[in-house]
Amino acid sequence: MGDKQAVEEAESTSGRDRLKRDFEILSVEKLAKSFGGLRAVSDFDLELKAGELVGLIGPNGAGKTTVFNLLTGFYKPTSGVIRFAGYDVHGMPPHRITEYGMARTFQNIRLFGDMTVEDNVKVGFHHRTCYGIADALLRRRAFRDSEAEVAQKTGELLDLFSLADKRGEPARSLPYGEQRRLEIARAMAAGPRLLLLDEPVAGMNRSESRDLMALLRRLRVEFDLTMLLIEHDIKFVMDICERIVVLDGGEIIASGSPAEICSNPAVIEAYLGSGGSTPGGGGMNASR
Amino acid sequence: MDFAVHHVTYVCILLMLTGGLSLIHGRTGLLSIGHAGFWAVGAYTAGFVINRLAPDLLAADATAGSRLLSVAAFAAAVVCAMLAASLCGLLVGVPCLRLRGDYLAIATLGFSEIIRVVIVNAESLGGAAGMRVPAVVCVGDTRRFVFAGIAAAGAAFSLLMVRNLLSSTHGRALISIREDEVASQLLGVNVTRYKVVSFVFGAALAGLAGAVYAAYMGYLAPREFGFMKSVELLLMVVLGGIGSLTGTVLATVALYIIPEALRFAEWSVPVWSLTDAGWRRGSVELAELWMVVYAIILIVMMLLRPQGLLGSWEISRLWKKPNQRPDATG
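From first to last, the protein sequence lines stand for chains H and U.
Under my numbering, the first residue of the first sequence carries the number -1, and numbering increases by one thereafter.
Under my numbering, the first residue of the second sequence carries the number 15, and numbering increases by one thereafter.
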């Protein structure tokens, strides 16, 4: 409880000005994870300033999703430090880290398939709903007020994500693109300051991914969001990200602005082996 | 008529059990085949408390005061039974959190067998011969009606509590664990805590069922709380529809009534058996074939409708519009 209070305090003191560009929301130092003898990630350093939009790219098996799993607490790091929003979150269980303001989406969509669209989003609000089990059983005022508030906020999110008319349908019945959108809406319900997106436009066509890009940009401004995203669609990453980190074999091989990354020989080598065209070329998933 | 009242009471006791189990298995997705164990804990705790507090308060010459005391003893027994059962829920829940699916099922089965074996070997609980529970609340002709009322109230209470829990943020957290434990964890649901909550809650309701059962039957036998009872309860939840409380209620009533009705009807079916003298025609009562019919129903259901009779349909949909906009209500 004490920590929750601390979070609320931090939120109220930093408030809107947490968008200040020098506020470091995430700082990762020397993060490493081994599975048995396999070093999935090693020497991973990353600093995210509030409001930044950073892309994490790299060939298959480079350890991108492992980094996400480490940041969210789903894997325990073998070594290294993760500071999030000023707190050392290293070794905390995932649900606690979520309470500090981190949310993610998944590469292979993980919605609550049999629950309705509305209830999927409502689960996101769970940790911010503060009535107890007894309040629910006895239908006390705290329950009614809180549920009304959650229902209203859910409605707003569904409107924002253009899912309002699907609210009563089971999540599994949605078409693919809408499932992706619902997953982001659900993550937004958790009230994140840092949103981790694992291949948000995978399997989407050009126009769908353009819409999503506009939506992400809008979210970023409206919710003071910091975003870290994994994406194979290089065109998408180059268009939306301000900074790109390239991972290969579990290590950072390059980091910088999209233009710098494009011309970095190490990146070209990692993607295409020695020789070949630039990352903008057909070797990557950019051709659609 | 007397029989009908008995059946109503028994079905209500079953509803308290399946209501709790539908929370554990149906919503949270924890496969438990030891629910009868919680029931046994509740029943024997209540029996023990009543034996201690009200050995023979309701003798023929009972005064109004001792009648009142016997009601108080029953109330105390209910509270103790629910506490003891939920404590067992906690004891089973905590170590079993890392288990899932088949492993959890085996652990819960082990728990209920431990309970049964302890009871069979405990002298103070009557051992294998069973435990007599003195009459409480009331005796005489009205007794069965009073207990039908108590059981109905208990069932209504249980179902209401389950429904209230499920339609809250805590209920959604439970369902999200069944749907995708990983995603649920990463959305801020304390999965560990909610699994324990689910076990404790379901066990408490089983404890309530046990207390009512003990006081109503007046006699407890360990064999009543065996493995098959747990399976029967689980089937009621599964057949009714994993996500539907309405389905659980319907399946509980149906699966209790069908075999009773078959027994009552005394229908028999012809069977042929191979003897030394060739095929011989005999007959078997349909009621005795119930387990076969049961198995066939199960297989057909699993093939045709794996989500259960009602899936996740609830009777409340009849009066609630699914696409109701919440801002219109609030």
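Source of the hints: derived by calculation from the structure; they are not laboratory data.
Misleading hints may appear alongside valid ones.
[Said to hold, decoys possible] In silico DMTMM-like cross-links for lysine to aspartate or glutamate, where the CA-CA straight-line distance does not exceed 25 Å:
1) H/Lys47 with H/Asp222
2) H/Lys164 with U/Glu280
3) H/Lys74 with U/Asp194
Contradicted hints - numbers only
2
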